[in-house]
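What follows is the residue order along each chain.
Number of protein chains: 4
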Amino acid sequence: MKNIAVLTSGGDSPGMNAAIRAVVRSAVYYNMQVYGIQRGYEGLMHGDIKRLTASSVGDIIHKGGTILKTARSPRFMTEEGRNQAFYQLRRHQIDGLVVIGGDGSFRGAQTLQGSGTATIGIPGTIDNDLAYTDYTIGFDTAVNTVLEAVTKIRDTSSSHEKTTIIEVMGRNCGDLAVYAGVAGGAESIIIPENPVTYEDVIHKLDEGRARGREHHIIMLAEGAGSASNLQQQIVEETGEEARVTVLGFIQRGGDPTASDRLLASRMGLRAVEELRAGTSDHVIGIDRGELFAESINTALTAESKGNEELMRLSSILSV
Amino acid sequence: MKNIAVLTSGGDSPGMNAAIRAVVRSAVYYNMQVYGIQRGYEGLMHGDIKRLTASSVGDIIHKGGTILKTARSPRFMTEEGRNQAFYQLRRHQIDGLVVIGGDGSFRGAQTLQGSGTATIGIPGTIDNDLAYTDYTIGFDTAVNTVLEAVTKIRDTSSSHEKTTIIEVMGRNCGDLAVYAGVAGGAESIIIPENPVTYEDVIHKLDEGRARGREHHIIMLAEGAGSASNLQQQIVEETGEEARVTVLGFIQRGGDPTASDRLLASRMGLRAVEELRAGTSDHVIGIDRGELFAESINTALTAESKGNEELMRLSSILSV
Amino acid sequence: MKNIAVLTSGGDSPGMNAAIRAVVRSAVYYNMQVYGIQRGYEGLMHGDIKRLTASSVGDIIHKGGTILKTARSPRFMTEEGRNQAFYQLRRHQIDGLVVIGGDGSFRGAQTLQGSGTATIGIPGTIDNDLAYTDYTIGFDTAVNTVLEAVTKIRDTSSSHEKTTIIEVMGRNCGDLAVYAGVAGGAESIIIPENPVTYEDVIHKLDEGRARGREHHIIMLAEGAGSASNLQQQIVEETGEEARVTVLGFIQRGGDPTASDRLLASRMGLRAVEELRAGTSDHVIGIDRGELFAESINTALTAESKGNEELMRLSSILSV
Amino acid sequence: MKNIAVLTSGGDSPGMNAAIRAVVRSAVYYNMQVYGIQRGYEGLMHGDIKRLTASSVGDIIHKGGTILKTARSPRFMTEEGRNQAFYQLRRHQIDGLVVIGGDGSFRGAQTLQGSGTATIGIPGTIDNDLAYTDYTIGFDTAVNTVLEAVTKIRDTSSSHEKTTIIEVMGRNCGDLAVYAGVAGGAESIIIPENPVTYEDVIHKLDEGRARGREHHIIMLAEGAGSASNLQQQIVEETGEEARVTVLGFIQRGGDPTASDRLLASRMGLRAVEELRAGTSDHVIGIDRGELFAESINTALTAESKGNEELMRLSSILSV
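Protein chains in written order, with full-length UniProt numbering: chain A, 1 to 319; chain B, 1 to 319; chain C, 1 to 319; chain D, 1 to 319.
Check each hint, because a few of them may be wrong.
As the list makes no split between identical chains, a pair holds if one copy fits it or if it spans any two.
Computed list of lysine-lysine pairs in DSSO-like fashion (alpha-carbon distance at most 30 Å, straight line) [said to hold, decoys possible]:
{"id": "1", "residue 1": "K162", "residue 2": "K50"}
{"id": "2", "residue 1": "K63", "residue 2": "K204"}
{"id": "3", "residue 1": "K2", "residue 2": "K63"}
{"id": "4", "residue 1": "K162", "residue 2": "K204"}
{"id": "5", "residue 1": "K50", "residue 2": "K2"}
{"id": "6", "residue 1": "K305", "residue 2": "K50"}
{"id": "7", "residue 1": "K305", "residue 2": "K204"}
{"id": "8", "residue 1": "K50", "residue 2": "K204"}
{"id": "9", "residue 1": "K305", "residue 2": "K2"}
{"id": "10", "residue 1": "K162", "residue 2": "K2"}
{"id": "11", "residue 1": "K204", "residue 2": "K2"}
Keep in mind that the hints were calculated from the coordinates and are not lab data.
The shape of chain A in the complex, shown without the other chains (with noise of 0.2 Å):
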């Protein structure tokens, strides 16, 4: 293997550089030649690609973002879209490609099957919603990201005795809202994977206040409902205001926690070494700890292994 490319594909996550930094040392480390190719796959088919050194990548690991830029590409899935990347990969010689991002990611990398580039994904995405992994890269850093706002909240809550919803990323994986519901010390999480009631949450909240609590910390990962309607609900059935915060793309930003980057560094040397042993079409994953190469097809129909013992967890601790 000599030549090795690196993209990073769909919404942007904290410690994106940090892997494109390990990807390009580890490639010289290894002697090959490195490209970083810009906006994803829509970047590849218009041949947007240059040569990364050593020191291209000198001051970016503690940089949110990516310096590759990242986009959305329709075109790509077309047959047109495919022959004009393959192309362009032929043109460059590339053989062997790191793809950063996510399970749409992931399926653009299967795509390149037959161009005769080896692939190799890394998982880039705050959600935490990729069921093969433990771990993505970024997803570290947004519960921190949404902690630091409960922090201010909680200031301003428990001076006023209020109740507050928290409206956060996730559209079929809860565990932003769970990870940082449990560490934010938040009353109620509620998620996708565990539909509460708002009657439940209101249940709550009444009885809390009855045994005197001051404030209320609802955490909604918004692919459980919507901030303004559970509001509403709060005002109708309790009488008692309640306030919204949609923490929005704030959530992906912010430099990457040092957990994010030592993430991305592990799995960018092992993307790699991956690709040198000859491996294709597989992604890195982490299990316990341990790093791991595992087909796409199998990575993209893993099985999520819930969140019991933190639900467990939070119903026990925020009484």
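With chain A held as given, fit chains B, C and D onto it using these hints.
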């Protein structure tokens, strides 16, 4: 003056604790007794009043919120409520009262005229919506909190080349949007005092895209419109997605900045010294770095100095 | 088991409060009474012991330090001290005791054998110097605290093209230096377990400069040498200035990260459940994501797993 | 005025990038060409000069350090160096030069008299050691950086009931120690302008302990002594341990605060407008919120206004 009390009222703001500490320790320095009244005028009516000592406030200077809590109290504006407050002030022989809050809190202080208790107000609100003073306690912290959010959004919006709308507090006063907008390099700033039409914003957005700008941050004060309305209009007119973040009560939280702690400390000492000097019905303010005291009436009728310099700066620098 | 107590001992670490909260609320959940012992074994001997309820720990999950305070207590190791402790435990009818701390604290727990009180240890130390467990409470926060310092130093050192030495905690265990060094992209990492000579460091420094590197960050664990000695040697051998930062007790502070709060919460619940199950003289640990309990003796004689993977990663990525 | 240039010189400070951005975009607004000179006067002599456009500075307002880098340049003070600088200024037809830095940088600007290039200085230094201006760019950020360290140390020192010495920058000017000390609630503040003897400090320490104070934070400006000497003296005279933190170059880093970005933005615009108005050999300053320009000579001989108000505040509030 032998006995003074301090209360916080209205929306809490970071730095209120530093002001409480300063009031308490200044009182101790001048050999007065000092009481803390819980939950603003509500607690005053209920006699929720406790002695504070130098060590009661020993570890609060860095904490957001207010250890005295705060509440809104419609009943305080009734004659019955006022009489209860008078009774409590007499019962504890409180000669002077320091009220930390916004315009509503100062109006509350005015209704205590005739109680025999002298009153001094300290401006504490994150909105900076008290025109008589250059700055209020909590404003600098809130600006920096919004700024952190902008920085996080920058990470991801420059990776994605997208438009983001950030809705911040400010019903009548756009200072928070202006300061954070200029400091954050926002391309558009929309405030109640200087209403630009959404068309202007969209026009600027188009221009920027034409010139190759990668992202566009719109800072919107809540008093000047709703983020979701603006979002819809952008989609309709440009066909492009815009993202929304509603910071909500995060803006009230956080450890106070150095500026807010210093302002609060200075104002707390000054308030006590004004009480000692026999002043009443006055508020403390800051004018170009210098503290002053003026009557509540004068303060509440002051006109805003406006934000021309910063708005001009924004229009020049956010090309 | 009816009555349990909890204490923190040795150096404090961020997340101890989250562990205390978890112990208290788990005990409440299992219908036990729970006591907090102030200032570790010192307070135990003096009977500085108070009832804690679910609301005593209502607003502490996000706070650094320990609400129970901590102290070193040489007298506790004498027979007289131990007898006093026995007396206090009997007097309060404490059936089980949770000790949060490091190896010294666990040895303290061992001396309580024969008191009739079962003991369970929870690992709380920022150094991660307890070999039997993958992680200790406070370590993730400390790594991120050091990392923030590295990020700040990067700003200025890349403006200045200079060498910086950052001295971090770690007498016998270099984990803090290794994790923060790899995550911060430090060019050299010097730890007790893997002593490189200063010559090696200076050699790498020269190489980097020859290749045009703009700055060089050296992460030094205190157990592997002194920053000021290294600084002097660099000046002597290269003629160039190197700057020193000694982080000191900053490393013990800060709001705990999500990871530390989750680890602390999980361990707190587990400790209470172990006491209920009749376990004593054990400590809780974590092995690849799973909690476990093992005897204090076994734990204290465990051998470190070392840092080979991360040190190799560092040598590949910090070219 | 057609062509202007900008350079940063001396120690970097957070907000320099915001000032560079403001200079560049203001120049663009006034239809000038603008050049960035790398590494201060060193780069000027070497002709390390590049065109900057509005988009060159598109994503730097929030970044610490300086994209133009900075250097000390003894050779620039020689005739030969100065002549090289003159030559480069002529070669690029630079009519006006904005110098961002401290007193040394302003003296450098003075030596360019006779070159035909007008010069304007902008004060950028974290020490706030330029007496002619109330604030310098970077000072507010540095104060808040020190404050964060104090907050972290508070966590652990209140758990431990210990004394901590924090050594901060400031050779001749104690502003950083004073502002951060008052805002952080430090019990003792030692600065060059107002030398207290170590005995005074130790006396206050004893008093505090007698009154039951749990911890004692000493803020020491480097110009007023060494933390390790003070530490030793405390041990000798009180028999108790004191802990030392030397913040070092952390103080130069960090994202600039809102205040520093606004100050930098305003000063950058003003500098360009002064050049357009034909001013030279002047510096921009701020006096009670208002910008002004005055001659470098006058500025460099200004006398410090001192810190009486804050030092008095400290002595009253840190009982």
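Evaluation of the provided hints:
Within a single copy, K162 and K50 get their C-alpha atoms only as close as 53 Å, which misses the 30 Å cut-off; across copies the closest is 23 Å, which meets it. For the identical chains of this complex, K63 and K204 are inter-copy neighbours only, at 25 Å across copies versus 40 Å inside a copy, given an alpha-carbon limit of 30 Å. Within a single copy, K2 and K63 get their C-alpha atoms as close as 28 Å, which meets the 30 Å cut-off; across copies the closest is 37 Å, which misses it. In this homomeric assembly, K162 and K204 come within 30 Å of each other (Cα to Cα) only inside a single copy, at 14 Å, whereas the closest approach across copies is 40 Å.
Taking identical chains as interchangeable, the C-alpha atoms of K50 and K2 lie at most 30 Å apart only when both belong to the same chain, with a minimum of 15 Å there against 36 Å between chains. Taking the shortest Cα distances, K305 and K50 never come within 30 Å of each other, neither inside one copy (40 Å) nor across copies (41 Å). Within a single copy, K305 and K204 get their C-alpha atoms as close as 27 Å, which meets the 30 Å cut-off; across copies the closest is 45 Å, which misses it. For the identical chains of this complex, K50 and K204 are inter-copy neighbours only, at 29 Å across copies versus 56 Å inside a copy, given an alpha-carbon limit of 30 Å.
When the C-alpha separation of K305 and K2 is checked against a cutoff of 30 Å, the pair qualifies neither within a copy, at 38 Å, nor between copies, at 35 Å. Proximity of K162 to K2 under the C-alpha cut-off of 30 Å is found in neither arrangement, the shortest distances being 61 Å within a copy and 35 Å between copies. In this homomeric assembly, K204 and K2 come within 30 Å of each other (Cα to Cα) only across copies, at 27 Å, whereas the closest approach inside a single copy is 60 Å.
Of the numbered hints given earlier, the model fails hints 6, 9, 10; all others are met.
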